[in-house]
Amino acid sequence: MKARFLLFTILLTFFLAGCNIQESNELVYTGFIEGDEVDISTEVSGVLNEVLVHEGEAIKEGDLIAKVDIKSLNLQLKQLEAELKIAEAQLDKIKAGARSEEIRKAEVSLEEVKVLLEGAKKEYDYRLQNYNKIKDLYKNSGASEQQVRDAKSLLDSSYTNVQSLEKKYLQAKTQLDLLLNGPTVEELNMAKAKVESINAQIELLKYQISKGDIVSTVDGVIQTVNYNKGELVSVGSNIATIVDLNNLWVKVYVPQKELHRVSLNQEALLTLDYKDKKIRGKVVYISPEAEFTPKNVESKESKEELVFAVKIKLIDKPFELKPGMLVDVHLDGDVK
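Per numbering that gives the first Met the number 0, the very first residue in the sequence shown carries number 0; after that it's consecutive.
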């Protein structure tokens with residue numbers, strides 16, 4: 000009987016020792032839940048008409064954060080739409096070609112300038128003859144110096160008039176030729192390019208106007224609000240920062256002597272002091288460099304001089320988990 004009791008005692012001792020060894024293989028670290036920070040920036044400049052969120056507030060993807068005053072953009076859009084109508088009308092006109100009444104008007108205009116030019120040339124010939132005559136009289140004391148100057152002035156004026164009318168005649172003839180021959184390829188391409196350019200500007204303005212409403216791109220919690228209503232913001236201004244609740248993680252610090260027991264993709268279990276539920280996680284990052292233990296690190300073990308940062312991403316995402324919560328991270332520390 001005593002032998003049996005002694006054997007039972009020995010077996011029980013070994014069993015308990017095995018349990019202690021198994022427990023000692025588990026690595027436990029403490030850290031705070033964190034999340035990826037997402038900056039919400041504006042893509043348009045202007046004054047903030049409204050800021051609709053507060054720090055610490057939960058927010059969903061697509062929720063409105065702030066509004067930028069876009070009145071000036073709407074005015075620019077109206078102006079461009081008016082310019083587009085004119086450009087399209089001009090393009091249609093070029094495509095359709097000249098109408099008969101336009102050609103007739105151009106012919107009449109050319110004829111009118113031609114008559115004026117012929118009259119101006121006759122006047123110039125007369126002024127030239129008169130100037131030469133007075134100049135000859137002046138040589139024989141038959142005319143005064145003032146008469147010569149007056150005749151020269153009239154001649155110069157007549158010459159200037161002829162030059163001006165010759166330019167007008169050339170312009171009128173060119174216009175008539177264009178109407179008769181139709182638009183050139185270059186003219187048609189230029190008209191098309193103008194319409195396309197205005198359309199592109201309109202699309203850009205419409206895009207900018209749509210960005211007047213600044214919305215969240217993730218589900219999360221507002222960490223900071225950086226501007227107030229009435230403040231002027233420029234393109235790229237960080238309106239608010241959101242902690243992304245879809246990418247929660249915990250950073251713990253593993254002592255150098257235990258680092259060989261931790262590996263990438265290693266599974267982890269996270270626990271909270273006030274709940275029995277265990278939350279699954281996975282090691283996604285191990286720092287390649289050691290550092291001194293941060294002062295704010297909570298640890299169940301004594302602090303080590305050198306530690307390695309390890310990041311554990313949460314696989315389960317219970318709704319009650321929030322950034323800033325303190326959790327224990329349990330890793331299976333079997334020696335590898």
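Simulated from the structure, these hints should not be mistaken for laboratory data. Please note that the accuracy of each hint is not assured.
Restricting the straight-line Cα-Cα distance to at most 30 angstroms, the calculated cross-link-like pairs of lysine-lysine (DSS-like) are [said to hold, decoys possible]:
| id | residue 1 | residue 2 |
| --- | --- | --- |
| 1 | Lys167 | Lys138 |
| 2 | Lys228 | Lys281 |
| 3 | Lys70 | Lys92 |
| 4 | Lys59 | Lys256 |
| 5 | Lys113 | Lys66 |
| 6 | Lys321 | Lys59 |
| 7 | Lys193 | Lys92 |
| 8 | Lys274 | Lys59 |
| 9 | Lys70 | Lys166 |
| 10 | Lys120 | Lys70 |
| 11 | Lys250 | Lys66 |
| 12 | Lys256 | Lys172 |
| 13 | Lys70 | Lys256 |
| 14 | Lys59 | Lys294 |
| 15 | Lys59 | Lys193 |
| 16 | Lys113 | Lys70 |
| 17 | Lys104 | Lys77 |
| 18 | Lys276 | Lys316 |
| 19 | Lys172 | Lys120 |
| 20 | Lys228 | Lys59 |
| 21 | Lys121 | Lys138 |
| 22 | Lys210 | Lys250 |
| 23 | Lys77 | Lys94 |
| 24 | Lys205 | Lys193 |
| 25 | Lys84 | Lys191 |
| 26 | Lys274 | Lys210 |
| 27 | Lys59 | Lys316 |
| 28 | Lys191 | Lys104 |
| 29 | Lys77 | Lys120 |
| 30 | Lys104 | Lys205 |
| 31 | Lys228 | Lys256 |
| 32 | Lys228 | Lys193 |
| 33 | Lys210 | Lys193 |
Label-pair ranges, simulated between beta-carbon atoms [to be verified]:
| id | residue 1 | residue 2 | range |
| --- | --- | --- | --- |
| 34 | Ala95 | Asp35 | 42 to 48 angstroms |
| 35 | Thr223 | Leu203 | 44 to 50 angstroms |
| 36 | Gly61 | Ala88 | 48 to 54 angstroms |
| 37 | Lys104 | Asp212 | 28 to 34 angstroms |
| 38 | Ser196 | Val283 | 46 to 52 angstroms |
Each residue gets a CB set at the ideal place from its N, CA and C atoms; glycine is no exception.
query = Is lysine 70 within 30 angstroms of lysine 256, Cα to Cα?
reply = violated (63 angstroms)
query = Straight-line Cα separation of lysine 77 and lysine 120 no greater than 30 angstroms?
reply = The given pair, whose Cα atoms are some 51 angstroms apart, is violated under the 30 angstroms limit.
Pair hint lysine 321 and lysine 59, alpha-carbon separation not exceeding 30 angstroms = Cα-Cα ~15 angstroms, so holds.
ask   = Given the hinted pair lysine 250 and lysine 66, is their alpha-carbon gap at most 30 angstroms?
value = violated (36 angstroms)
key: Pair hint outcome, lysine 274 versus lysine 59 [Cα-Cα no greater than 30 angstroms]   = holds (26 angstroms)
ask   = Is lysine 70 within 30 angstroms of lysine 166, Cα to Cα?
value = violated (47 angstroms)
message = Would the hint linking lysine 205 and lysine 193 be met if the CA-CA limit is 30 angstroms?
response = Satisfied, since the Cα-Cα distance of roughly 18 angstroms is no more than 30 angstroms.
request  = Verify the proposed pairing of lysine 191 with lysine 104, using a straight-line Cα cut of 30 angstroms.
outcome  = Distance of about 26 angstroms is within 30 angstroms: holds.
key: Satisfaction of the hinted span 48 to 54 angstroms by the C-beta atoms belonging to glycine 61 and alanine 88   = For alanine 88 against glycine 61, whose Cβ atoms are near 41 angstroms apart, the range 48 to 54 angstroms is violated.
query = Holds or violated: lysine 70 with lysine 92, Cα cutoff 30 angstroms?
reply = With a Cα-Cα distance of about 34 angstroms, the restraint between lysine 70 and lysine 92 is violated, given a limit of 30 angstroms.
inquiry  = Between the alpha carbons of lysine 113 and lysine 66, is the straight-line distance 30 angstroms or under?
reply    = violated (64 angstroms)
query = If you draw a straight line from the CA of lysine 193 to the CA of lysine 92, is it 30 angstroms or shorter?
reply = holds (14 angstroms)
The structure does not agree with the numbered hints 1, 2, 3, 4, 5, 9, 10, 11, 12, 13, 14, 15, 16, 17, 22, 26, 29, 30, 31, 32, 34, 35, 36 and 37 stated previously, though it agrees with the rest.
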